[in-house]
Amino acid sequence: MSKRVKEILSWYGTDNAGTLASLARLLNHGRLGGTGKLVILPVDQGFEHGPARSFAPNPAGYDPRYHFELGIEAGCNAYAAPLGFLEAGAAEFAGDIPLILKLNNSDSLSKGEPCSAVTGNVEDALRLGASAIGFTIYPGSSERNTMLEEIRELTLEAKNKGLAVVVWSYPRGAGVSKEGETAIDVVAYAAQIAAQIGAHVIKVKPPSDHIEQDAARKVYEKEGIPISTLADRVRHVVQSSFNGRRIVIFSGGPAKGKEAILEEIRGIAEGGGFGSIMGRNSFQRPKSEAIELLHEVMDIHKNA
Amino acid sequence: MSKRVKEILSWYGTDNAGTLASLARLLNHGRLGGTGKLVILPVDQGFEHGPARSFAPNPAGYDPRYHFELGIEAGCNAYAAPLGFLEAGAAEFAGDIPLILKLNNSDSLSKGEPCSAVTGNVEDALRLGASAIGFTIYPGSSERNTMLEEIRELTLEAKNKGLAVVVWSYPRGAGVSKEGETAIDVVAYAAQIAAQIGAHVIKVKPPSDHIEQDAARKVYEKEGIPISTLADRVRHVVQSSFNGRRIVIFSGGPAKGKEAILEEIRGIAEGGGFGSIMGRNSFQRPKSEAIELLHEVMDIHKNA
Amino acid sequence: MSKRVKEILSWYGTDNAGTLASLARLLNHGRLGGTGKLVILPVDQGFEHGPARSFAPNPAGYDPRYHFELGIEAGCNAYAAPLGFLEAGAAEFAGDIPLILKLNNSDSLSKGEPCSAVTGNVEDALRLGASAIGFTIYPGSSERNTMLEEIRELTLEAKNKGLAVVVWSYPRGAGVSKEGETAIDVVAYAAQIAAQIGAHVIKVKPPSDHIEQDAARKVYEKEGIPISTLADRVRHVVQSSFNGRRIVIFSGGPAKGKEAILEEIRGIAEGGGFGSIMGRNSFQRPKSEAIELLHEVMDIHKNA
Amino acid sequence: MSKRVKEILSWYGTDNAGTLASLARLLNHGRLGGTGKLVILPVDQGFEHGPARSFAPNPAGYDPRYHFELGIEAGCNAYAAPLGFLEAGAAEFAGDIPLILKLNNSDSLSKGEPCSAVTGNVEDALRLGASAIGFTIYPGSSERNTMLEEIRELTLEAKNKGLAVVVWSYPRGAGVSKEGETAIDVVAYAAQIAAQIGAHVIKVKPPSDHIEQDAARKVYEKEGIPISTLADRVRHVVQSSFNGRRIVIFSGGPAKGKEAILEEIRGIAEGGGFGSIMGRNSFQRPKSEAIELLHEVMDIHKNA
Amino acid sequence: MSKRVKEILSWYGTDNAGTLASLARLLNHGRLGGTGKLVILPVDQGFEHGPARSFAPNPAGYDPRYHFELGIEAGCNAYAAPLGFLEAGAAEFAGDIPLILKLNNSDSLSKGEPCSAVTGNVEDALRLGASAIGFTIYPGSSERNTMLEEIRELTLEAKNKGLAVVVWSYPRGAGVSKEGETAIDVVAYAAQIAAQIGAHVIKVKPPSDHIEQDAARKVYEKEGIPISTLADRVRHVVQSSFNGRRIVIFSGGPAKGKEAILEEIRGIAEGGGFGSIMGRNSFQRPKSEAIELLHEVMDIHKNA
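Residue numbers (the working numbering), protein chains in the order written: chain A, 7 to 310; chain B, 7 to 310; chain C, 7 to 310; chain D, 7 to 310; chain E, 7 to 310.
Hints may contain errors.
[To be verified] Straight-line C-alpha distance at most 27 Å; calculated DSSO-like pairs for lysine-lysine:
no.: 1; chain 1: A; residue 1: K264; chain 2: B; residue 2: K262
no.: 2; chain 1: E; residue 1: K224; chain 2: D; residue 2: K293
no.: 3; chain 1: A; residue 1: K228; chain 2: C; residue 2: K293
no.: 4; chain 1: B; residue 1: K224; chain 2: A; residue 2: K211
no.: 5; chain 1: A; residue 1: K262; chain 2: B; residue 2: K228
no.: 6; chain 1: C; residue 1: K262; chain 2: A; residue 2: K228
no.: 7; chain 1: D; residue 1: K211; chain 2: D; residue 2: K184
no.: 8; chain 1: A; residue 1: K117; chain 2: B; residue 2: K224
no.: 9; chain 1: B; residue 1: K293; chain 2: B; residue 2: K262
no.: 10; chain 1: E; residue 1: K12; chain 2: C; residue 2: K293
no.: 11; chain 1: C; residue 1: K211; chain 2: A; residue 2: K211
no.: 12; chain 1: D; residue 1: K228; chain 2: D; residue 2: K264
no.: 13; chain 1: C; residue 1: K211; chain 2: A; residue 2: K224
no.: 14; chain 1: B; residue 1: K262; chain 2: A; residue 2: K293
[To be verified] Estimated spans, in silico, between C-beta atoms of each pair:
no.: 15; chain 1: C; residue 1: E163; chain 2: A; residue 2: E295; range: 53 to 59 Å
no.: 16; chain 1: A; residue 1: R10; chain 2: E; residue 2: E13; range: 23 to 29 Å
no.: 17; chain 1: D; residue 1: E79; chain 2: C; residue 2: A261; range: 51 to 57 Å
no.: 18; chain 1: E; residue 1: D305; chain 2: C; residue 2: W17; range: 37 to 43 Å
no.: 19; chain 1: D; residue 1: E155; chain 2: E; residue 2: P65; range: 48 to 54 Å
no.: 20; chain 1: B; residue 1: E159; chain 2: A; residue 2: P260; range: 30 to 36 Å
no.: 21; chain 1: C; residue 1: E163; chain 2: B; residue 2: E159; range: 22 to 28 Å
no.: 22; chain 1: E; residue 1: K9; chain 2: C; residue 2: P232; range: 50 to 56 Å
no.: 23; chain 1: E; residue 1: P292; chain 2: C; residue 2: P232; range: 30 to 36 Å
no.: 24; chain 1: D; residue 1: A261; chain 2: E; residue 2: G278; range: 51 to 57 Å
no.: 25; chain 1: B; residue 1: S8; chain 2: C; residue 2: E163; range: 54 to 60 Å
no.: 26; chain 1: D; residue 1: G250; chain 2: B; residue 2: A23; range: 18 to 24 Å
No lab work stands behind these hints, which were simulated from the structure alone. The beta-carbon is built from N, C-alpha and C at its ideal position, and this holds for glycine as well.
Can you build the whole structure from these sequences, using the hints too?
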């Protein structure tokens, strides 16, 4: 195993050997295996945004096997999805790519404060051969406590059973403005919360240079925390994740042009981000184009 | 076993042999046995709408044995009902027809956001000899999470114990308009959600050509998804159910004239629907008339 | 073991030997070991206020190992933090300093009545080797019952498993004014509530001479309860904590100048407070300065 | 994944995806990864024969880390050992080599009918990150039922949790003569028993041309089952393991000369054995010599 | 914490932080605290041999408090006893000395193959504040499996809950001769077994130069393993305990003269033993004499 992967594992000293082996599996698989960087393919948009919005741009994606194939062929470190999508391929593709079972999910039919429903169990993760559970929290939602209390149980069980824990930390809800959802202070805070609840891998959105909270703004100004470039901001988010001792990866957000994506990835890589988790920008493109893009993304992370 | 049934079972590769055998039982029974199509008799209206509204039009239906007999004589693939109705005949008709124990039910006495009560257990399904559990979710309800979290436990237990899972996915509640409950985007979304939470068989309503969500409308228009005929819409719903790799069947809705029913069935069959689940249109007719209608429905599905 | 520690343990006669040993561990460790006084290092501000506001003033604090080192080098009695911060060092520093796992935590992104989320389990405390669980209640919040009912379960489990219980009792929410949060009647009341729910160690804020409740004011005036100096008020809070038969310690509040801190500590010590729990005033200073300050604080408590 | 590994996984159709992924991990790791052949390093002799008899010939082996290193450096598919030996390295070498936790073990201090003691739990396998549990049965022992009933529980739990099951099937005890322990009829029978109790991987000793049971001899003679060469006998054992649809590997037995070992391996490979599990012949040699030998063994299996 | 203690803890890399902290507590307490050596006071003879045989020589020992006092005043690392003895003092002496709850015990009223009864629970250890559980196995007994299977459950639970595991490994029963119980091959084997079942601390008897097993004798002779002095033999036992990466301590055996004891201790210390566990030789002497002896023993270990 590479020295870098060994170093990363050393940050998780209280985890049992099973969880360390699961983390190692994520870090050692695919084109970025051994580099300490990760590019993960997540496909929960069918659940979160609906099937047509997710898959009509590239109808091959209606078929759950497509995403396994895409993740495998592109050499991603892992493939993350809700129960149904994993069930539809986990046996056929057993052993081909590490899996992350997304244990809670939201849909966009309901209104109200954001709070994902728990739709899977740690036992499901074991029977499907997943290496990690995934869980979304919405800091800023007035349903925050519900989510945090659900994950505390799932996390303990997952860790006892040798699985890793990946947390999507997306500020949202009554406590934050729309612009604030990606504000640098809020994203850094969201990363910190995920780390404090015991996440091994943290997923946040690329932060903007907006500052949402007055109390935070004073500190950013007084201490002169650099936030003008994306690299600056990513560096601050990584620092906010236990001084870089937790794996922090960044989502790609809505589908956009290739150059815009690569520009963003360069910022993330330069700022010391551990990688990317790219859903719509991958599976909504034709497969060969998606693989080409993912390889370019991987190369940027690799060479950072 | 027919090639088509084998093919259908192959979609459920992570399920254990017990669940596959249960699914096979549903697929191989009755007049449609082996065709890969299903016509199921569901009788939960006594619970959902009250006895007089359900059974006064054909008072034979007050007697729980009547529905077993109807399902058996008509050659349905399965009979689905709440605990009490199954308990009242499961021994007498043991082995005569596959059973689906409807594990949650609503009544129309209470007001408020729709959320069915869990009224049975997986253990009940086993002791009654059911081949599957049934469960209703109401995407769009603000009680969504409650239902999704109930079914995640029931599904895991059912699958461990070799049962199949049938999900009624009926959008309803604060998040959707009345018209939106059968909107094509919403019905396709509801089917996707059921598939993502691990349903083997998905039951939705025949979709209208209304589009409920603005974000969805943009995609339907941009991608030119055909939705003008019922067959088009059913095709889209089937595609939205893991590209046709989950069994999707369609309910008949309120009692109506025979020709209207058959017209609808023709659309469902043409669009690739896997069958029908017909309650009121069956048991509210005199038995012989009901059987005749069911046979015509089956024939349409068979010949599609 | 010192006579004073034995005396303190004698106040907790119904606790099992395991909990007494855990309490003894807190009381016997560090520079104040054996004196019956405690200075605890708490670092939950990353969770409660966000990373930049907490750690930018002394960026070494972004690294979770820093706080273990600070607590150990300063000779604190214990180090208290949420799950993530303890997980990031508990193995590396196993046995070096008693730990308190903070089992619930709030963040300042959400709005609404204050109510911390439960983010850890008693089992986590055991696997991390913590000597105590920590829990925050907000008397005055309309979410009071939620918190009190969560802690009743956690307390019972912790006591069965030989752990001690430390309660942060911070009046806050719809029931108290901003000024009332540190009013002498309210702080004394908060201490009493913590004692009544079974806390072994109670943490409150240094009380002001404001009186919040009219009903209380009448009694304070009629009975001539002295509250003019901080020492008076601390004495009253200690008395309100089962006549001094529960350990009550005082938080330091926001970062401030050294002399202001020491002046406050002198008042606490003179009034019979059992010690201090000092977060921001410790970890936001450079380490050597923080240790020097903590030593001065310890000396004041020791010599009181 | 190679076609051959996919083919092998297809034999285990009722196993869940987790177990298939664990099996795939064994089959895909090391120098033989992807070939469908396995060479496993087992080190339970410290427990079974005592430390000096096991490790004095190569004292480096007293240190549990040595065997991890040997397995990793030689490129074995997996390393199998009892609880203590795995605990002593599973965290340090997490992710470096698939592990098999040997769940029962015998020592040679006790007398009486052979019956290993269960010395670990399936939960231990999970927390140590093992891919499989290992278990020894002694067909022929009058304690047979005890062992078979212990493994039925462990197997069910392991399979539910996504682990593979490796069974050491060693005829021994009152029911078989010393010579009969490796008789071809007995070894073939032992393999069949292991397959029938649900083993994914079966480990037996290389069979001799002795026939132990009269009833069996008649059939072997009447049907003209070829057993004169080791390759013949291995072919028969493989056939006896569900016609080759279960993985059967062969142990090396007591330490011996290199040419004798390689000769035996050639017979196993020619007969279609799936590989070898070589303990004493590996770890009792100096490391470089052991690696050289293991590579030669792997090459024979690879080229068979 | 001393470098040596940190080094020792590093051998237990798969243990959780709680267990490491418990081990650290044993290693850091008393006169030998921090040296990596241990002298433990065990008093289970009241249970094992009866009260008069145990306590009549020094009747103060009938009182359970006496042994707490002896362990504390002598500065032992820990005090080990069955449930009743610990219950009779754990609250009064809470925090004064690390405790080891002996979870199984034998009495000398029954005859037959030796097999201790489990007389306490891991939960008892937690409520009494013990740092470790203690357990006796009798390798060589035909009841071996019963004991090994009891401890596999207790060990898993203890480790999950942050406790250490101390195993008394005393060969005894039908499989070994009386002389063989302390034979060098048998004692080394007993230490290996204890290590393999997951013990953190192993207690064996000082080995004689007798060799019990023929198969072992050949190896000892062939490999020239030195066993002529006690130091040689202790060195071999330590090596047999994972090459010195498990803590092995030696019991004192029946009461004897001081010089004989010290002579033996010198051999143990010279051979690299980690310390002593001395019962009858301590508590059957008058207290001051016992303390003086224990101090001399500690000094020998300290200066080794």
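Run through the hints listed earlier and report the numbers of any the structure violates, in increasing order. Hint check: 1, 11, 12, 14, 23 and 24 fail, others pass.
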